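I would like the entire structure built from these sequences, with the hints used as guidance.
The lines below spell out each chain.
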Amino acid sequence: MASTNTTVDVTSTQAPAAPGTEDIILEVNDLKKYFPIKGGMFNRTQGFVKAVDGVSFKLRRGHTMGLVGESGCGKSTTGRTILRLAGEKTGGQVLFNGREVYDFTAKELHDARTKMQIIFQDPYSSLSPRLPISEIVGEAVREHNLVPKDEFDDYIDKVMEECGLQPYHKMRYPHEFSGGQRQRICIARALALNPEFIVCDEPVSALDVSIQAQIINLLHDLQEERGLTYLFISHDLSVVEHISDAVGVMYLGGMVEYGFTEDIFRNPLHPYTKALFSAIPIPDPKAKQNRIVLEGSIPSPANPPKGCKFHTRCPFAKDCCKEIAPEQKELEPGHFVSCHLYDE
Amino acid sequence: MSNDKNVKPADQAEEQEYSLNDDRRVKVLSPGALIAKRFFRNRLAVVGLVILVAMFLFSFVGGVISPYGQDETFSTMTELNTQYAGITETTSLRYTAAPDAEFGALVQSKANSAINAGETSFERDGVVYTIDQPTPDLYTFSQGGQVVAYASSNVVSVPAGATAPSFEFQVAAITAITAADEAEEPAADAPEVTEDGTVVVESDEGDAADAAAEAEAAGNTFEVDGATYSFDEAGNVMDGSGTVVAMVSPFVMSASDGNTVIPDDLRQALLTAIEADASEVVYTDANGAEHTYTISYDAYSKVYNVTETTENLVYDRYASPSLEHWLGTDGNGMDMLTRLMYGGRVSLIIGFIVVFIAAGLGVIMGGISGYFGGWVDNLIMRIVDVFYCLPSMPIIIILGSAMDAMRLDPWIRMIYLMLILGFLSWPGIARLVRGQILSLREQEFMLATEATGISVPHRIIRHLIPNVMPQLIVSCTMSLGSTIITEATLSFLGLGVKFPFASWGNIISDVNNAFVMTNYWFIWIPAGICLLLAVLGFNFVGDGLRDAFDPKMNR
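In order, the protein sequence lines correspond to chains W and H.
The first sequence begins at 2 in this note's numbering and counts up by one.
The second sequence begins at 7 in this note's numbering and counts up by one.
Worth flagging that the hints you see were computed from the coordinates, not collected in a lab.
Since the model is a prediction, treat every value here as computed from it, not as a measurement.
Just so you know, not all the hints are guaranteed correct.
To be verified - Covered stretches of chain W (in silico footprint by chain H; criterion: 3 or more residues with CB under 8 Å from a CB of chain H, positions within the stretch not fixed): (1) 115-124; (2) 141-154.
What the hints assert, rightly or not - Far from chain H by the CB rule (all over 10 Å, computed), these chain W residues: (3) Glu28; (4) Thr91; (5) Pro286; (6) Asn304.
Stated by the list, open to error - Here are some of the chain H residues that sit facing chain W, going by a computed Cβ distance under 8 Å: (7) Ser445; (8) Gln449; (9) Glu450; (10) Leu453; (11) Thr458; (12) Ile460; (13) Ser461.
Just so you know, even glycine gets a beta-carbon here, dropped at the ideal spot from N, CA and C.
See below:
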């Protein structure tokens, strides 16, 4: 876990450079996003929900990074903050193709929207119920003048076909589609802008397992065809293991462990990661499951514990955990952990 | 890894024939079509729609078809007898005393008994009065050679505006006239009495001087205080210029209406008719208009009643339903059915315009409030709160009476009414729209529009408004009914739509007493039914739309 300093000091934060340092499409340094808690007589700000509190990682072009963690740990907010969809950030840096996203002018941001896209968790609420599919997919294309007018229909057909939709679906409305098809429409909408980077915000968690596989495979195929970069947010570890090149594990707004997928799944180092991975169901009734059961519940992000945020539930907590926030350390090449257990 | 399950290879066409895949479905319904389908499944909503269509046809087409105008009045000519004058014949003696003489009631009774006894003098309180009888119908009472009173069945009256004649003049006039009556000379220009007992006379006013000259020629003159007066046989006393200064007659004629001046020739004709026992007088006045007067004698009150028969234009007020007027006529003699049609037009148009104003304002304010949030939202919602606190009925009543005081044109007034009602009813819609937009704003498709870089106007017009429409339409339809009711209430109170414009409310307000209500059902029942049906129709359709827009309803 990175520094929990509220002051933004970009230079001091050394973002872990893994996996791979060449051709970094997205670099996130000590990103912070606090939501004010308003209340009282005059709607004063009484405190902050520290939804994202010091997240740092780098993402290589054409790779997929999985972001896992339990509900409410700030995964989705991280994704949206990166895309500048959650208002202003509180601190840190988001460098997209080397440029600070939050420094874009309105015009630049408008253009950058075609480069970075998002697929939402709920395919039911993410499609406007009163527009036909062709409008949902094509509206932004027209808005950005991506294709000439006479090629517009063909272009939409092509994108829809890529996403496993038929051209005759164009005139239909969202309510006529199943969840999987809706998620395909969402993907088509994102893809129609020909982006480089897509935040997949739990794209399969609302779907049943067989459809999940279809969507995951579709995303995978599109990545191979177009060289897309994904930030794949999920709480489903097996899905993340399947699709990701690298995995970040988040707890209470911070990133506790971060590294290549194989390394992390083979050798989880952080106690929280260990506990999380022990909860993966094993499809073998005879296998013995060594579940690590964590005590208590996740603390409120409005009032996170001092020191290591995990110390309230950590079975290995030491005295120093309560006082000092652990630094992020590279224990293996490209495998970063924030934990005092590995202090020398 | 590619997933081919949904992407059908082309050579599997046969399988497609029997598959339940999407492309096999023939019918594709847009959300609008689905709503329509659900709406038309709802029997009550269809009934409401039929009622509304009928109402619209009735109001908008009916008014065109109807042969009558909105404020066309209907009337008939009728002969009306109105009391014109009463004529009383004086049979007993009437005593008149000189201005400075004492001739009280006790002296009069003494005089009466002296006259009856044929005595030539009597005494009362030591005063001796001498009775003279210059003519059969006149007794004078002198005291020491001075005439202090007279008694006669003739009465000296003055025409309107003339000064009261002096005592001496009265005595002289009565003496002269009663003496002339004794002579029984038939007058030269006495009105003729036809065989059927009708007196026909033409006005000859204007040649009064001639009449005076004529009277002088006939020797009918007398002198008082050096002035010469002439008189005719009807008892009219004229001065030298021919102006009537007094009338002497046993008949006292008074017009029923204090403002009416009975022309002298008519008076004479009436008196002639009474003497001749004629019952009808046809009189042509100076303007050439013919009037017919009927004289009837009421033996009980001993009064001859003169009634004038006139041709009058009478409005067909509260005429019962007939072939010409299917729903009769109202208190102004206007065709009720036509009035109802035009009233429907006004009521419906007012309803629509008010709701249109309210919805427009509500959507704009609610939309701004919901979309931008923050202090804008706070400000607008506080304004809405203030509007909610305003008691709308008193405000409308005050403004209505203010417009009364300004004597606004009914047409302008109607426009103001719509504006006022619209301005008072937008907050509800603003709140609804704001709530909707607040919830829509959190939906992921709004985030998606932001993520895809769609401009703010497009986001509002293409994504927010269409999703607010269902609730908006339902709310507007419902408030149409209540607006019509409000308008009817105001018109009923006389503060809404004013004559000559009809509205269902002011048609009902014609029924302002129990007599009209119980006797002329055709005035208020049809308007009430129209109002009921229209509001019921709007509510049915509103309910139907709400159910149709609710996706949880069965398809």
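Original post:
What hints, given by number in increasing order, does this structure fail?
Top reply: 7
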